[in-house]
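Single-letter residue listing:
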Amino acid sequence: MSEEAKMESTSSFEPKIMAFVCNWCTYAGADLAGTSRMEYRPNVRIVKLPCTGRIDPLFIIKAFENGADGVLVSGCHPGDCHYTTGNYHARRRWIAFKDLLDFTGIDMNRVHFSWVSASEAIKWVELINNVTDEISAMGPFMDFKALNRGKPESNEEK
Amino acid sequence: MPRIGVFVCQCGNNIESTVDTQKVADETKKLPGVVHTESYKFMCSSPGQESFKKAIKENKLDGIVVSACSPHMHEKTFRRAAEAAGLNPFQCEIANIREQCSWVHHDPTKKVGTAKTMDLTRMTIQRLKKNRDLTKITIPVTKRALVIGGGIAGIQAALDIADGGHEVVIVEKEPSIGGNMARLSETFPTMDCSQCILTPKMVEAELHDKISLYTYSEVEKVDGYIGNFSVTIKKKAKFVDESTCTGCGECWEKCPFKADSEFELGLSKRKVIYTPFPQAVPNIPVIDKTRCPKILKDKCGLCAKVCGPQSIDFTQEDQLVTEEFGAIVVATGYDLMPKSKFGEYGYGKITDVISGMQFERLASASGPTGGAIKRPSDGTEPKNIVFIQCAGSRDEKRGVSYCSKICCMYTAKHTMLYRHKVHDGQAYVFYMDIRSGGKRYEEFVRGAIEHDGAMYLRGRVSRVYEKDGKIIVQGADTLSGSQVEIEADMVVLATALVSRDSATTVAQTLGIGYDKDKFYNEYHPKLKPVETVTAGVFLAGTCVGPMDIPESVSQGSAVASKTLALFSSDKMAREPITADVNTQTCNACWDCLNACPYVAIDKTEVKDRKGNVVKMLATVNAGLCQGCGVCVCACRSKAIDLNGYTDEQVYAAIATF
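If you're matching them up, the sequences are chains A and B in order. Under the numbering used here, the first residue of the first sequence is numbered 1, with each subsequent residue one higher. Under the numbering used here, the first residue of the second sequence is numbered 1001, with each subsequent residue one higher.
The set of hints was computed from the structure by calculation and includes no laboratory data. Treat the hints loosely; a few may be bogus.
Said to hold, decoys possible - Which chain B residues stay away from chain A? Per the calculated CB distances, all over 12 Å, these:
| id | residue |
| --- | --- |
| 1 | E1253 |
| 2 | P1376 |
| 3 | K1467 |
To be verified - Estimated spans, in silico, between C-beta atoms of each pair:
| id | chain 1 | residue 1 | chain 2 | residue 2 | range |
| --- | --- | --- | --- | --- | --- |
| 4 | A | S36 | B | Q1279 | 54 to 64 Å |
| 5 | B | R1458 | A | E126 | 25 to 35 Å |
| 6 | B | R1446 | A | E126 | 41 to 51 Å |
| 7 | A | P78 | B | R1463 | 37 to 47 Å |
| 8 | A | E126 | B | D1602 | 27 to 37 Å |
| 9 | A | D107 | B | A1588 | 50 to 60 Å |
| 10 | A | E39 | B | K1060 | 33 to 43 Å |
To be verified - Far from chain B, some chain A residues (derived; all Cβ distances over 12 Å):
| id | residue |
| --- | --- |
| 11 | S36 |
| 12 | H77 |
| 13 | K98 |
| 14 | S136 |
The C-beta atom is built at its ideal place from N, Cα and C for all residues, glycine as well.
Bound-form chain B, shown alone:
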């Protein structure tokens, strides 16, 4: 016979005003198995907790029902107190008689409230009788982190985790880390040179003894669960031996073949053996195997001839490595909306209609023009330049309903950079709204208008076309209510930030969710902004949505703090609310496997003494299982049950209703 104690809380007057708690205590005392009941003013107070613990010991209670506020409030409090009194914490259950009874039924005669409290308490007692002792699950933790993406968010995360004393691997698909930030000229609102603040961090990451860089690499496969991920990484063939290459540059000096530079967004050429930009980290070139004649038809091979340390190896192949990690940081960044989307702006057709990112390259001291603003078509200095904001952003017809958030600020920055470099030039900006929320941001935009003379026109551009060597921009100025036509030398589009092409593939590899725009879903957009529904996988930077550098850096540091918390002990404990398979009745139909949203069901072989497989069983990986219970209902043979919410417990509650 169980020895159950029932504690009915009065919560001052919160419960007592509509529930006769003493009557509830007296009546429940009559139920079989209940040996102790009491009504108390504040169960959650220290004296309340003390008398709670004392009653457990004195009456040798083996199960507790606390009829009080919502379990979301104090379930943990009472379970902890029960544990302190020597009970299994999962033998303590809460009946919610405040939020779901006394506060919503205002009958002053207490009849309604008392009757409902009796029912709720009785249901909880019956459920409790079927409770089993549960122990918290402990999982070993591999204290190594994987950072996918070597942009500023990923670099920051890696540096912070490494400074915390743990090994980090950065996987970057390009030949160098740095990401989109490496392309920028100056950064708003401080006008720091992007390279000047980024490259020291890139070098720090390279030199850090806890950080390994896997550049020109991609994540192929992810197995396992929090604390125990097994990740297969594809290291694409660079055709250069990283251990001996000194980065002297002799090879790309001599290479006779050229291709459009991806890093420079087509504004200049690179060699076929190349580093994407001069400050690349690591400073080791790769050979573009789709264009190298030596690889394609065994001709040339000049780079190998001039290479002092003999680092060129044309026989290199892609390599797959599998490594163990405890946490994964996803920091894959963003792309820009493709040119093909902007027919009416002439983007992609008129050479001097460029994107904001291309303008960054023109303005960058290390860019193709050495920082001089020149037209890509003829290299002349544009005297009239038009910036069109919201090119794609907030434009549902082009599939982007959101605001790209950074364009207002960088366009203001562009007008400033332009005026600083072309003193007699005039910048025009077509905008929908100016969104400059952020520290010193509004002042920055005012500076562009008032100090650097940018002409802001509120309205949309309807058409951009070429006429007599000029680019004619037709648009509306809605503030003056007139049509405007500007003869421009160059047009810069603030194209929308979009998710990476590979976003969905990466999400599927990692088992994380994404929204309609293929940006990754946070666990909770406000309270868990860098966590995902997959425990141990964290998010940082623009793979979550448009954000600027300070936000990306903050997120990088935030994921590092989450990772370091996870790595702070050798084992992690978690609530034992997980599914369990009855090995006797499982018939391996795999319906559970199809239903599970967390891929937490494994196919396990049962072998006889000779090692022959005699049958297959579903087993639950407690590390991955989140305890939703979908598999329980999917199971045809009722072989799965959910700890803490077993069929027995639910039926016991229903039966006494």
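Chain A with its partners taken away, still in its complex shape:
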């Protein structure tokens, strides 16, 4: 992917969005969207975790640090958690973490939290399209990238 090319004109800007999803509901819901041959915007890269309760707030910061323009977190609906209560932990953690993110100056519209069940392929498709549109409109997320200037272009082995 050529970053510069994308940043030159925001009109053709394709944001990079990282999604942290649980294995049992949202990952299966995203699979169902595929099995049903639905179509959605290709900007999201999924990281699968067993449960939203496994999502460390630091993952979100790290995603931004590594060039994400937006982050999405999604899991089972409250009450439907495969592990009975994992998503409640995630929800509580999210409420506390949201304020911290806001305080650090990260635009809250770049971080989305949702519940998508294994049968809600349509919801998943709409969610991805909406989040992609919203973040496209906001343009690239430069704050961390500016901070990273001076460091080698990336620490990963691309």
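Given chain A, put chain B in place with the hints provided.
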């Protein structure tokens, strides 16, 4: 340097039509650590698997990425193949490029799909580099089962497990097994006498050399995990020595004190030393310590005097026993909605307004009237009888939004039993809908109406009151659009099935979930209907929700098959996706313990050579841990990690994004 192989599947045209798999293979080959890449038509086919195994051996690969369909489809297939080629199966990872890429991005130029596939594959490669070898966890299995509840579901489960060759303990809180089914007169739709089909099973359970009955007992405490439960059972004092009592009945014949019979639902009396019903199993009486004058004020003691084998022991105390089990079956059954809820039907105020279960007792040959339908108030035969269905069921105002499922059928049965016993009597049934789904059920209801002349009125009853020795039932017949008033001699309410009062306590003891109505939650309502989220704890019968006898029996057999599968080997293997504590950095704050939904975290003492406790540590019980990872994020000192989803793995994937 790792030696990673990347296999990009074309899935025929499913992936290839929007992803240039050859390009992905060529590009990923350039990544550090990747030594072999290939694109193949069908990776999951036998030739695909063979070339997969061959490539692993030839290139001495130590890590595999398969870019193909969802891991939910073929992760197991490829891990098995990797294992067959001599690799640790957990060094094989799947990048989902079909369901989450080629099928959802329809760009025919393949640009979009190929770019996303490259990203997903690269992220998986980076994650794989941080994978550790994992070995499946093996847990020893104690091949003994505990069945909580001795109703028909529990008895069936116990018999099937015992017939499979394993020891079973049935814990029953009442003095006899049999449960609610023992109360029934006949059963729909075959009109078998309930006692006739149940008591042989009760006796079979008693005589089975693999089954032990702990009646008049309750489960106090459950520790441990699947295959290794340690259960403390309270055996309430019966004041009768079970080893010598012959069940001759001399004691309860002579006992001069009486109390309302719980089994007969207050329709008759029992003695203070009693068995709940004549066919009780075991046929050993208990003394009601809240009413026995000998126990309360040291007077009487007649039973001890007449007892031949000297089995009465007034000094007996409750006893706690702790035993080991590998599996627990919960079959605690149901209660009926209490009388206090039905003011407008006069239930609890008018003696001749009774519940369906009380009607069962009246119709039962072994019941208080010997099977004759008689009014509890004056013992006369009711000539007009009104049955009110949905008394409490489907009535959110009374807290029951669900259908109790069995009432339509048993009310139809009641009208038949009534007509068979009172030939000149007329039965009226107020109903909302008739729900008779089930083999031969609809025909049964038609029989009640067409053959036995029950008058079905579609509508609700608004009021029931007494007038001149009659019970006036006012209601609506919505089909004719008129108000009806029936002068009845007796009213029978099909009261809602509700969960046991003790349901929540039992659930908390076992660590299983329950719904808003306090019925226990299945692991999955369709695909795992008798399992719970707590591995090794199974559910059978009406503790899950309203169901009839055939369903309860099926569930009893189903839990037996689950238990026997668990007991089929000495050790059970499970996926090693569990949490692990770093003993160097754990500072014993116990945040993990509070977060864990499975009580899988133990407080472990670390001792020095002299045996002094030097510090405390959190340790994970791999038998209980289900691998959700909630503790990992709860840990302030980052001392816990989740095998298979370690921080390192996740950060590696994020870093290459």
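Going through the hints against the structure:
Look at B/E1253: its CB is around 53 Å from the nearest CB on chain A, clear of 12 Å, so calling it non-interface holds up. With 12 Å as the threshold on Cβ separation, the claim that B/P1376 sits away from chain A holds: the shortest Cβ distance comes to roughly 44 Å. At roughly 49 Å from the closest C-beta of chain A, the C-beta of B/K1467 stays outside 12 Å, upholding its exclusion from the interface. Restraint check, A/S36 to B/Q1279: a C-beta distance of roughly 57 Å satisfies the suggested window 54 to 64 Å.
For B/R1458 and A/E126, the hinted distance range of 25 to 35 Å is not satisfied, since their beta carbons lie about 44 Å from each other. Between B/R1446 and A/E126 the beta carbon distance is about 49 Å. The supplied range of 41 to 51 Å therefore holds. Taking the beta carbon of each, A/P78 and B/R1463 are about 42 Å apart, inside 37 to 47 Å as hinted. Hint check: A/E126 to B/D1602, Cβ distance near 44 Å, so the stated range 27 to 37 Å is violated.
As the Cβ distance of A/D107 to B/A1588 is approximately 39 Å, the hint placing it in 50 to 60 Å is violated. For A/E39 and B/K1060, the hinted distance range of 33 to 43 Å is satisfied, since their beta carbons lie about 41 Å from each other. Separation of A/S36 from chain B is inadequate, the least Cβ-Cβ distance of about 8 Å not exceeding the 12 Å criterion. A cut-off of 12 Å between C-beta atoms confirms that A/H77 is not in contact with chain B; the least separation is 15 Å.
Non-interface call for A/K98 relative to chain B: holds, since the shortest CB-CB distance, roughly 15 Å, exceeds 12 Å. Here A/S136 stays apart from chain B, with its beta-carbon at least about 15 Å from theirs, past the 12 Å limit.
Hints 5, 8, 9, 11 from the list above are not met by this structure, while the remaining hints are.
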